[in-house]
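Student: Residues per chain, in single letters:
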Amino acid sequence: MRQIKFLTLLVLTVLVTSCEDTFLSPDLNTGINADNYFTNDDEIATGVLNIYDGVQGVNAAKFTNNDLNHGVQVEFYVTEMRSDNTRTKSQEGEAAQFEFYNVQATNGIVLDNYRSYYNVIYRANLVLDNLGAASTGNAPKFEGEAKFLRAYAYFQLVRLFGDVPLIDKVIAPLDTQTAFTRVSSSEIYNLIVSDLETAVANLDDSGSNDQASKAAAEGLLAKVFLTLGRYGEAQSLCESIMDPSRGFVLESDFRDIFYSEDNDEVIFAVGYLAGSNDDSQNFSAEWLNAVGRTSGVNYVTLDAKASLDANGGSRAQYSYRNDITQPSQYQVVKYLPDGDTTLGIPVTSSDPTSAGNDWVVLRYADVVLMHVEAILAGAQETTSTNAIASFQLIRDRAGLTTPVTSITKEDLLEERRVELAFENQRFFDLVRMGVAQDVLSAFSNANGLGFSASDLLLPIPQAEIGLSNGVLTQNPGY
Amino acid sequence: MKQIIKNKKQIVKVAFIAFLVTIVGCEDNTLPAAGSIADLTPPEALFAFSQGIGSDDEWKTYSFANLSTGATDYSWDFGNGIMSTDFEPFTTFPGEGSFTVSLTSSDKLGVESTYSEVIEVLEPIAAVVPNPVLVNAEFVKLPKSSGSDCACSGWINKSLGDQGESSSGNGSDVVKFDNNEPDHIYQEFEVTPNADYTITIITQFKDPLNGTYPAELELRVLAGSGYINGYTPTYYTNTVDFPQDGYGYTTISQVETAANNIVLTPTNVLSNPSDDSYLTNTFRFNAGNNTSVALYIRGIGGDPTVGNFGYTSGDEEIRLDSVVIIAD
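These protein sequence lines map, in sequence, to chains D and F.
Once you know that position 332 of the first sequence is 332 in the numbering used here, the rest is easy, because the numbers rise by one and skip nothing.
Once you know that position 118 of the second sequence is 118 in the numbering used here, the rest is easy, because the numbers rise by one and skip nothing.
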């Protein structure tokens with residue numbers, strides 16, 4: 001009996017001991033882990049860099065594992081190729097689901113985008129959760145950058161997928177409720193607006209244009225406000241960036257926006273380094289004829305070519321060109337890795353599959369046209385001289401100097417199409433201005449594609465729905 | 001007989017069995033077959049609509065976005081006599097009015113769901129920009145909130161200068177910017193953001209004295225975005241209600257901050273035309289991102305060390321007969 005009591009006590013003791021945290025997860029004092037890494041400014045700065053790295057994505061031509069996140073490098077598939085601007089050259093395979101408007105929930109590129117943006121959000125949350133380790137002098141800047149990038153990721157997600165899970169801190173692996181419960185778009189937008197307001201307050205314009213800045217945050221917030229119909233606030237933000245003291249201008253030569261990097265027109269770009277396996281991109285190669293891993297994607301539609309021919313002015317030649325190896329096809333001229341001697345475009349990368357062309361997220365011309373859109377304020381037409389002055393700036397650069405006397409919504413949409421062609425703006429422009437269904441169903445009917453209104457949102461990736469154990473719901477039409 | 005009875009019994013038995021079988025057979029029809037599962041995705045009808053955009057009659061045409069789930073077949077009734085079984089149809093309404101649009105979505109099990117919405121079809125009207133309302137724009141001698149009647153009633157902001165004085169000319173009362181005095185007029189009014197306006201003023205300059213300080217008349221349209229923090233303008237309708245101080249602009253430096261000034265074309269300063277008749281002058285401005293602005297006019301060109309405001313009018317007296325602002 002005594003022995004049993006003793007044994008019981010022993011077992012009980014062992015149990016109690018095993019319940020203590022350090023027994024199962026002892027503190028590592030020889031290695032670095034996520035719990036103990038962030039202790040000072042330098043370490044937080046690497047955490048911030050890590051967020052940019054997430055947006056930058058992995059070069060799929062250099063690291064071919066499909067499970068890697070490709071960040072902004074695969075964004076054109078789910079934006080430009082779902083609009084009337086581009087398509088695949090071969091018109092087959094998973095990538096062609098976008099142009100035919102028959103995207104499947106199992107589409108790997110959709111999953112890649114979804115996963116990439118949430119990975120960026122995770123990296124941002126990691127920095128934000130560890131801000132306490134930063135010095136008081138640097139913490140606001142770190143916070144501003146992390147929140148700018150988190151807002152950028154959520155703004156893409158909410159426009160591509162609609163209601164999505166809202167994760168504003170690092171969550172535990174088993175917190176499936178937070179990870180998979182879709183919350184309303186308006187709540188997502190609340191987070192985006194508050195993140196960008198913090199970024200506007202905390203950042204300045206002193207860094208290079210591949211770093212988050214005050215102007216980048218103001219510009220992105222202006223676009224968010226236009227999306228939400230908050231036109232007056234959008235106009236103020238545009239005018240803040242347009243104040244001459246801020247130093248942003250339109251490049252006089254349209255070509256220089258893309259081939260003379262770190263210029264005064266680009267407000268925010270995702271940086272890439274030519275020849276570097278870790279920091280280069282392959283989208284430039286994919287847009288060429290069988291230079292990348294595909295036979296050629298993001299090829300220009302005849303519809304976009306017609307727009308550029310009619311309204312592009314001097315921009316047209318630097319926007320698309322004939323594919324010399326397949327003369328019936330047209331390629332994008334922005335972001336060429338291997339140059340074009342006829343157009344005077346230099347070779348930017350000796351190996352086109354490790355290209356260094358930066359991806360332009362926001363440039364001054366976009367802000368100037370957003371200014372027009374804010375003044376139009378959802379109306380059908382405006383004759384405001386304030387709007388016309390901005391509109392004319394953009395047209396003058398393109399050599400279209402005939403004075404404009406009024407601007408309709410169609411005029412603005414067309415101007416944005418030719419100015420910002422192949423910069424992943426067109427699809428969101430159509431949706432934001434409320435004409436996506438009209439324009440895309442007409443385009444779809446004319447080309448025998450399968451557009452319906454539910455195609456304006458992508459499917460939630462089936463892989464995520466599977467992981468969620470039924471919590472994550474699918475969008476209509478999929 | 002026994003046999004018959006027996007047979008009868010048997011018949012009853014058979015009938016009973018048959019009856020049972022029939023009942024069971026009936027039940028079979030309503031019970032799920034072994035291995036079948038309930039319909040977890042019954043149809044749920046839903047649609048959204050958007051009005052056509054364009055210059056002609058495109059406003060009458062609506063397109064519909066089919067947001068139904070779990071359905072395979074669709075039946076639309078647009079309330080205008082037109083039906084459709086397309087997935088995403090268009091329809092054209094005869095004109096303005098209320099139309100009840102119904103979508104019935106069904107699946108191959110015959111389960112139906114109907115969603116209806118009333119659409120108010122309205123022809124979009126181009127927004128008309130109203131003309132701004134100015135009080136005492138003819139500068140008639142009217143009562144003030146305190147002090148004697150003045151042509152300047154409704155136009156006083158004591159933080160920005162001395163009040164213009166009453167006089168007469170051009171067949172009516174006028175307001176006067178005295179020589180060598182910091183006289184001004186100031187009034188806030190409502191505008192439509194980004195609308196274009198034309199200001200017309202009728203002025204008279206006394207003939208030039210060719211001294212050190214030739215008089216000039218300066219106009220400023222001050223942005224509402226530059227009002228002091230927390231200030232909300234009140235638009236009074238009677239001159240007696242206007243306070244004489246405490247407006248959105250409280251200092252000359254606030255007035256002279258470039259960002260607070262809306263650009264006036266062709267100029268914002270009138271020089272002496274060397275013609276002492278009443279002349280008409282026009283100026284244009286765009287309201288920018290403001291719902292309220294202030295018109296501020298003062299005489300300048302004088303010795304800035306005179307008076308309490310850092311500016312004075314020059315050597316010649318200037319009279320202002322009226323101000324008219326209209327939307328273009």
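Some hints could be false.
[What the hints assert, rightly or not] Output of the computed footprint for chain F on chain D, the stretches with three or more beta carbons under 8 Å from beta carbons of chain F:
{"hint": "1", "segment": "93 to 106"}
{"hint": "2", "segment": "226 to 240"}
{"hint": "3", "segment": "375 to 381"}
{"hint": "4", "segment": "425 to 438"}
{"hint": "5", "segment": "448 to 456"}
No lab work stands behind these hints: they were computed from the structure.
Given the structure is predicted, the values throughout are model-derived calculations rather than measurements.
Think of the CB as a built atom: it goes at the ideal place given N, C-alpha and C, for glycine as much as any other residue.
Student: Now tell me, hint by hint, if it's right for this structure.
Tutor: Now for the hints, and whether the structure bears them out:
| no. | hint | verdict |
| --- | --- | --- |
| 1 | 93 to 106 | violated (count 0) |
| 2 | 226 to 240 | holds (count 4) |
| 3 | 375 to 381 | holds (count 5) |
| 4 | 425 to 438 | holds (count 4) |
| 5 | 448 to 456 | holds (count 4) |
The structure fails to meet hint 1 from the earlier list, while all remaining hints are met.
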